[in-house]
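Participant: The residues making up each chain are set out below.
2 protein chains.
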Amino acid sequence: MTQQSTCPRPPAEPAAAAPGAPDHVRMGVGARFTLHPAADDFIPVILGALEAARAAAPEVTVRTDDVSTLLRGSEEQIGRFLLAAVDRAAELTPSGHVVATLALSRGCPGEVGCTLPTGELAHVAPVSLAATGRRAAAHWALYPLGTEDAMGPIEQAIAAAQAAGTWSGPENFATRLDGDLGEVLSTLLDTWTVVGRSVAHVAAHATVSLGSPTATPTSGPAVTRAGEPR
Amino acid sequence: MTQQSTCPRPPAEPAAAAPGAPDHVRMGVGARFTLHPAADDFIPVILGALEAARAAAPEVTVRTDDVSTLLRGSEEQIGRFLLAAVDRAAELTPSGHVVATLALSRGCPGEVGCTLPTGELAHVAPVSLAATGRRAAAHWALYPLGTEDAMGPIEQAIAAAQAAGTWSGPENFATRLDGDLGEVLSTLLDTWTVVGRSVAHVAAHATVSLGSPTATPTSGPAVTRAGEPR
Chain V
1 MTQQSTCPRP PAEPAAAAPG APDHVRMGVG ARFTLHPAAD DFIPVILGAL EAARAAAPEV
61 TVRTDDVSTL LRGSEEQIGR FLLAAVDRAA ELTPSGHVVA TLALSRGCPG EVGCTLPTGE
121 LAHVAPVSLA ATGRRAAAHW ALYPLGTEDA MGPIEQAIAA AQAAGTWSGP ENFATRLDGD
181 LGEVLSTLLD TWTVVGRSVA HVAAHATVSL GSPTATPTSG PAVTRAGEPR
Chain G
1 MTQQSTCPRP PAEPAAAAPG APDHVRMGVG ARFTLHPAAD DFIPVILGAL EAARAAAPEV
61 TVRTDDVSTL LRGSEEQIGR FLLAAVDRAA ELTPSGHVVA TLALSRGCPG EVGCTLPTGE
121 LAHVAPVSLA ATGRRAAAHW ALYPLGTEDA MGPIEQAIAA AQAAGTWSGP ENFATRLDGD
181 LGEVLSTLLD TWTVVGRSVA HVAAHATVSL GSPTATPTSG PAVTRAGEPR
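Note that the protein sequences, when read in sequence, are chains V and G.
The numbering of the first sequence is the UniProt record's numbering, which starts it at 1 and goes up by one.
The numbering of the second sequence is the UniProt record's numbering, which starts it at 1 and goes up by one.
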């Protein structure tokens, strides 16, 4: 078994790493997400959400299977797709409770034939996502890969989330974010691209929850601890 | 901002890294998961699933908030908890469609005051999870942290999944697993502990789907490609 044989290779994009390709293609940028509407009749919610997202971000390449949806495009376009999808799903779900599971990836492995991006890493501008009026809470983890110093970039990402105002504190195995859906998604995307300036391969995972009947964390010391030194 | 100030510290477990502590405590082992029953009336499904899981794995420490549920315990106990929770959730969900979002973590950061485990890394025996008769499909990603060679351990994990018979092929940004729910969860846990023998900090994420109306992947080259050299 060679490394190449088990790494995903996108045969539909043979020019993925060609010279002159857009940064997001050269850097192997993409996302996977799954919408979880708390609804008996979940199919129209998911289809309606994907339709709204395609309209909002028509440049994104979308492939849905039975587990998740693959998105390929620029960070800005992926952000707009996700924002529209989750916003519409919340609108369409009678119970009002929707969760989105999100994985962002840039660099190798995962794309571009598992070859790390060559040349300078891209400096990506922050995304510009509108406020939705919907509150979202997320458990977020960011993984800088292929580097002995994982904590330095993680600290950089946490500082960026604190500056953005969405950081709500450390959890066990995750960091909590709170804010408008647009702010939370912006934090997820922008911290990932900021770390991507110095680390080629960066993955970020988040569980983004809207409309949970458990409005705020109430139990145990594992949740946000007010008064903890920041 | 110091590293310590932003890292999760479990104040309820002050003796976490004490000499003589069980391996799973010394290694900072734990999990976060979220159940997503496709149901208007989702609360009794989640509560019923957690109740069944607590009965199946009473040694696991459980803390639920509005985004996810934290599990602390041995790998075997965490596996039994997850198996019972997802199995009961599928039983209780009228639509039959349930997704579980799962994050496994061992090592630093995330626990034990962000200090990497000292001494030899634990060799954990494979978990022993019963078959449920329920088919599950997962998108799985494993992240060895703090090491320049991320691909070597990832290849090791993929080989272990292939040996277990649950490996269904590479996806973009993930690996697909298929099998009985018990087999899929066993693969997720056992690959994570196998890599944990050589890498202190290992995270694994999976979206585990049961009863999707999209029975098998049908579109595009991004899904399992039959005939691809392994």
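Calculated from the structure, these hints are not laboratory results.
All of these numbers come straight from a predicted model, not from anything done at the bench.
Any given hint might turn out to be false.
[Stated by the list, open to error] Cβ-Cβ distance ranges computed for the label pairs, FRET-style:
id, chain 1, residue 1, chain 2, residue 2, range
1, G, 128, V, 95, 34 to 40 angstroms
2, V, 20, G, 148, 26 to 32 angstroms
3, G, 120, V, 91, 51 to 57 angstroms
4, G, 120, V, 130, 50 to 56 angstroms
Using N, Cα and C, we set each Cβ at its ideal position, and we do this for glycine too.
Participant: Give a verdict on every hint.
Facilitator: Hints, one by one, checked against the model:
1. 128(G) <-> 95(V): 34 to 40 angstroms: 37 angstroms, holds
2. 20(V) <-> 148(G): 26 to 32 angstroms: Cβ of residue 20(V) to Cβ of residue 148(G): about 30 angstroms, so the range 26 to 32 angstroms holds.
3. 120(G) <-> 91(V): 51 to 57 angstroms: With Cβ atoms ~53 angstroms apart, the hint holds.
4. 120(G) <-> 130(V): 50 to 56 angstroms: 52 angstroms, holds
Violated hints are absent here; each numbered hint is respected by the structure.
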